[in-house]
Amino acid sequence: MINVLKPGLSTTVQDLGRPGYYHIGIPTSGGMDTLSLAAANLLVGNDAGAAVLEVVFLGPELEFTADAMVAVTGADLPPKVDGVEQAGWTAFRVNKGQVLSFGYLKKGARAYIAVSGGIDVPVVLGSRSTYTLGALGGYLGRKLAAGDVLPVGASAADGEGRAVPYHLRRMPGAPAELRMLPGLYWHRITEEAGATFFEDTWKVAPEADRIGYRFKAGRPLDFVPRTPPFGAGSDPSNIVDACYPYGSVQVPSGTEPIVLHRDAVSGGGYMMIGTVVSADMDLIGQLQPHTPTRFVKVTMDQAIFARADRRNTLRAIAAALA
Amino acid sequence: MSKQILSPLPGTFYSKPAPDQPQFKSVGDAVAVGDVIGLIEVMKSFHEVVADQAGTITAFAAEDEEPVMAGQALIELS
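Top line first, the protein sequences correspond to chains A and B. Using the numbering used here, the letters of the first sequence correspond one by one to residues 1 to 322. Using the numbering used here, the letters of the second sequence correspond one by one to residues 1 to 78.
Think of the hints as simulated: they come from the structure by calculation, not from any bench. No experiment lies behind these values; they were computed from the predicted model shown. Glycine is no exception: its CB is placed at the ideal position from the N, C-alpha and C atoms. Please note that the accuracy of each hint is not assured.
What follows is a list of derived Cβ distance ranges for each label pair [to be verified]: (1) C243/A x P22/B: 44 to 50 Å; (2) A308/A x Q53/B: 48 to 54 Å; (3) K6/A x P17/B: 22 to 28 Å.
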């Protein structure tokens with residue numbers, strides 16, 4: 001078991017998510033950066049989809065009541081065992097009675113702590129992921145608090161020192177670039193607005209979270225004039241309510257784009273100008289507030305190629321650790 | 001020797017509890033361990049920055065409403 005001494009800012013249990021219920025309003029949840037999440041699991045000998053802890057910005061303090069192999073991937077949030085710094089993206093041992101803590105965040109936004117055996121909270125609708133808004137899954141449906149006791153699955157706890165090769169540790173560049181496929185409502189904005197959207201460098205707004213990432217500082221988008229259809233609101237960005245895909249980019253009133261992420265609502269009345277390709281959703285999970293970000297227009301073929309490329313990266317990580 | 005209080009989080013730094021209120025601390029003020037010296041806004045909530053060292057404030061290293069990174073100095077102490 002693991003005793004939570006300090007919880008960090010917003011530490012939750014996450015796995016690869018809970019697909020299949022979005023149509024009834026339950027989002028996929030799961031890690032914001034599932035590539036890093038899977039890598040952490042593979043480092044400690046778990047299945048890629050075992051439950052881990054997702055840490056945002058500020059690390060927790062965790063006391064282990066049994067020996068375990070641990071790996072921390074994703075953001076550069078230096079792990080320490082009884083105060084001694086450990087390498088990221090590398091399996092290290094934590095012995096019974098030792099405390100895992102963290103230094104200041106150096107890069108990225110979310111770190112993944114995998115523990116050999118996995119975090120063994122109950123499976124809810126096929127997943128151990130936490131959906132905090134719905135108080136579903138994870139540890140009592142909420143972020144961790146001091147005094148919580150996390151169950152850990154049985155494991156061999158071996159593989160100490162294994163590391164993910166540097167070139168397979170995927171993190172956003174500067175500026176971050178998010179590939180986006182224009183979508184169903186692209187026609188609602190003017191040609192000029194479509195051009196400035198991709199030209200401008202946006203900045204991550206401080207309120208960005210697991211529900212969605214909001215971006216500021218780009219030029220507002222102008223709309224093509226219309227008579228609002230029956231059922232749509234009067235704002236030019238309103239549509240007749242529609243399903244919101246994971247990764248869709250809505251721009252309420254044309255001012256601040258929001259990319260819906262793992263805990264998003266499943267539908268509503270804002271037009272979506274496109275969708276960030278699935279391969280780049282991991283990168284969004286690593287964006288700190290104020291990070292300069294550009295959207296890069298891609299075709300469906302490029303999006304599918306990007307998805308295959310991401311899958312190959314995960315296979316290469318698995319092969320390197322096998 | 002100069003000491004610093006660092007931001008534990010990335011976000012927006014506020015030196016006041018609210019726009020119409022005075023600063024938590026000003027240059028020349030004494031700071032004790034556990035004192036609140038500012039707020040960081042991130043992910044739709046405000047988090048208190050608590051001093052982990054004692055001293056006297058010699059300067060602010062970050063302005064009110066300025067974007068800050070985790071580990072960035074907010075206040076210089078003597």
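Evaluation of the provided hints:
1. C243/A x P22/B: 44 to 50 Å: holds (49 Å)
2. A308/A x Q53/B: 48 to 54 Å: With Cβ atoms ~51 Å apart, the hint holds.
3. K6/A x P17/B: 22 to 28 Å: holds (24 Å)
Of the numbered hints listed earlier, not one is contradicted by the structure.
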